[in-house]
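A.B. asks: If you read the sequences in order, they're chains A and B. Using the numbering used here, the letters of the first sequence map in sequence onto residues 1 to 280. Using the numbering used here, the letters of the second sequence map in sequence onto residues 1 to 280.
By construction, these hints were calculated from the structure, which means they are not laboratory data. It cannot be assumed that every hint is accurate.
Facing chain A, according to a computed beta carbon distance under 10 Å, are these residues of chain B, among others [stated by the list, open to error]: (1) THR17; (2) VAL22; (3) GLY24; (4) HIS31; (5) ILE35; (6) THR38; (7) LEU41; (8) GLY102; (9) THR104; (10) GLU219; (11) SER220; (12) ALA223.
Nothing here was measured: the structure is a model prediction, and the numbers come from that model. Beta carbons: idealized from backbone N, C-alpha and C, even for Gly.
Chain residues, written in single-letter form:
2 protein chains.
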Amino acid sequence: MRALAAHPAARNLDDDTAVLEVGGEALVLTHDMMIEGTHFLPGQDPADVAWKLVATNISDLAAKGAEPVGVLLGYQLNGGEDRFLAGLGQALEHYGAALLGGDTVGGTGPQALGLTAIGRATHRPVPSRGGARAGDRLWVTGALGGAMIGCEALRAGSGDSSAYRRPQARLAEGIALAPQVTAMMDISDGLLLDASRMARASGVCLTIDSAAVPLACPESRRAEALRWGDDYELLFTLPPGVTPAAAATCIGAATSGPAGGLLVDGKAPDSSENLGFVHR
Amino acid sequence: MRALAAHPAARNLDDDTAVLEVGGEALVLTHDMMIEGTHFLPGQDPADVAWKLVATNISDLAAKGAEPVGVLLGYQLNGGEDRFLAGLGQALEHYGAALLGGDTVGGTGPQALGLTAIGRATHRPVPSRGGARAGDRLWVTGALGGAMIGCEALRAGSGDSSAYRRPQARLAEGIALAPQVTAMMDISDGLLLDASRMARASGVCLTIDSAAVPLACPESRRAEALRWGDDYELLFTLPPGVTPAAAATCIGAATSGPAGGLLVDGKAPDSSENLGFVHR
Numbered sequence: 001m002r003a004l005a006a007h008p009a010a011r012n013l014d015d016d017t018a019v020l021e022v023g024g025e026a027l028v029l030t031h032d033m034m035i036e037g038t039h040f041l042p043g044q045d046p047a048d049v050a051w052k053l054v055a056t057n058i059s060d061l062a063a064k065g066a067e068p069v070g071v072l073l074g075y076q077l078n079g080g081e082d083r084f085l086a087g088l089g090q091a092l093e094h095y096g097a098a099l100l101g102g103d104t105v106g107g108t109g110p111q112a113l114g115l116t117a118i119g120r121a122t123h124r125p126v127p128s129r130g131g132a133r134a135g136d137r138l139w140v141t142g143a144l145g146g147a148m149i150g151c152e153a154l155r156a157g158s159g160d161s162s163a164y165r166r167p168q169a170r171l172a173e174g175i176a177l178a179p180q181v182t183a184m185m186d187i188s189d190g191l192l193l194d195a196s197r198m199a200r201a202s203g204v205c206l207t208i209d210s211a212a213v214p215l216a217c218p219e220s221r222r223a224e225a226l227r228w229g230d231d232y233e234l235l236f237t238l239p240p241g242v243t244p245a246a247a248a249t250c251i252g253a254a255t256s257g258p259a260g261g262l263l264v265d266g267k268a269p270d271s272s273e274n275l276g277f278v279h280r
Numbered sequence: 001m002r003a004l005a006a007h008p009a010a011r012n013l014d015d016d017t018a019v020l021e022v023g024g025e026a027l028v029l030t031h032d033m034m035i036e037g038t039h040f041l042p043g044q045d046p047a048d049v050a051w052k053l054v055a056t057n058i059s060d061l062a063a064k065g066a067e068p069v070g071v072l073l074g075y076q077l078n079g080g081e082d083r084f085l086a087g088l089g090q091a092l093e094h095y096g097a098a099l100l101g102g103d104t105v106g107g108t109g110p111q112a113l114g115l116t117a118i119g120r121a122t123h124r125p126v127p128s129r130g131g132a133r134a135g136d137r138l139w140v141t142g143a144l145g146g147a148m149i150g151c152e153a154l155r156a157g158s159g160d161s162s163a164y165r166r167p168q169a170r171l172a173e174g175i176a177l178a179p180q181v182t183a184m185m186d187i188s189d190g191l192l193l194d195a196s197r198m199a200r201a202s203g204v205c206l207t208i209d210s211a212a213v214p215l216a217c218p219e220s221r222r223a224e225a226l227r228w229g230d231d232y233e234l235l236f237t238l239p240p241g242v243t244p245a246a247a248a249t250c251i252g253a254a255t256s257g258p259a260g261g262l263l264v265d266g267k268a269p270d271s272s273e274n275l276g277f278v279h280r
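Bound conformation, chain A alone (with noise of 0.2 Å):
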């Protein structure tokens, strides 16, 4: 949402994701929205991209701690409503969200789709991508890669393409920690460009030991599974000392210069137009 939040209408844009209070509850609301061969490959099985439409969205409310209450729906037909709804059945049974509404539409060229995922926070504060202080350590669940190598063998027609077609929100692992954790978010966009732009949000400068992070993929393809996105595990920071309460990597810390800044191995990453995939 960068290009909109300069306006002062978008102020609350920085951030994907919404939180509102209302009657003492903590809602978490987000909105994601997929457009066929940007998002998802022209031909891909309608299933496999209801399922990620949920999934991208449920781990925002992960990043949050929040426990899904329902999605809103927002569907171009396109001929392929049967396998869609299978997939949007089997996720939302998964993620325990309810179809609480939406809006279907026609339309002619690429297939558009939106949803709007709504969660309860289940702890006070909800965690931002904005508190991590210096000091803390830099944690990641899961492990990076799976979904670049999981592309590939979906274009290529051969191998295991599950971790990009069916990603898994990290939702138990976001209630978890939500109460130890300074700062959190999913990685959706490839981890350097998010743990960029946590350090931004904190005003702290992010160190990251490449070596630590755990793949998913060859050794080989180290320095792209850094960079590649859609594998939505979650980046966070604990303070010192503190034992992640869900299995968790410790990749780095946050230091206190310069501020916003992201240092791998020591040194700035090579660019700051491929630390990972942007959206437009």
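Take the given structure of chain A and dock chain B to it, following the hints.
C.D. replies: Just chain B now, with coordinates in the frame of chain A:
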């Protein structure tokens, strides 16, 4: 959402709008999608497109007697961001809604836009389209046909197109009427089509005296005006003898049968195929 409503996961999709009970409050949630070439004209001023996107969603809140809280935007970048944001800001200020968050995406083809609006119900139970009872009178706010004339003016490049470009959601009217009505909905797809939906949801027959419907277009266009959408007036039922708390016109009544039926001047309309604007 009728194509999706057959699926078990989609059981709440008969209505455009969801009601969510949170911490003793009732939140009203609605999502509308607009595709270039289907819901707005290619080349149309993005400020007007933004206004309409907001107004259509706020109109759904109005039909529930809800006051706006905020919106989440799904925006496919196309270079018209400055004008879009200008119109978005105007509409959000006009309706008292905050931009809470959202997503911007790239992509080729016709621009796709989505908006999720969140409101707080001002009256419980929240009005639905399913509450009309035999004997109730049928009412409509404002006048119909203005958007039709406005759309023609916009296509022709002359005349007043504001009713089509800048529709007004009946927010104050919806809040005033909510405690009185037995059923309420907005007319987004045309009076006859939306009235038939209310009849089905309520299990009553609705009768309309077509000559009683106030027009915002020449008398010669009356039949078309009853089937044209985009006017965003409120259609509602009241028990006999109740005077509406907002300016409105009585245009018919609810009777006991046939359930789900619609009679215009005593006869079933020509065809169920063209009662109004079907979004697919």
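A.B. asks: Evaluate each hint against the coordinates.
C.D. replies: Comparing the hints with the structure gives:
{"no.": "1", "hint": "THR17", "in the structure": "holds (6 Å)"}
{"no.": "2", "hint": "VAL22", "in the structure": "holds (5 Å)"}
{"no.": "3", "hint": "GLY24", "in the structure": "holds (5 Å)"}
{"no.": "4", "hint": "HIS31", "in the structure": "holds (4 Å)"}
{"no.": "5", "hint": "ILE35", "in the structure": "holds (3 Å)"}
{"no.": "6", "hint": "THR38", "in the structure": "holds (4 Å)"}
{"no.": "7", "hint": "LEU41", "in the structure": "violated (13 Å)"}
{"no.": "8", "hint": "GLY102", "in the structure": "holds (5 Å)"}
{"no.": "9", "hint": "THR104", "in the structure": "holds (5 Å)"}
{"no.": "10", "hint": "GLU219", "in the structure": "violated (32 Å)"}
{"no.": "11", "hint": "SER220", "in the structure": "violated (30 Å)"}
{"no.": "12", "hint": "ALA223", "in the structure": "violated (24 Å)"}
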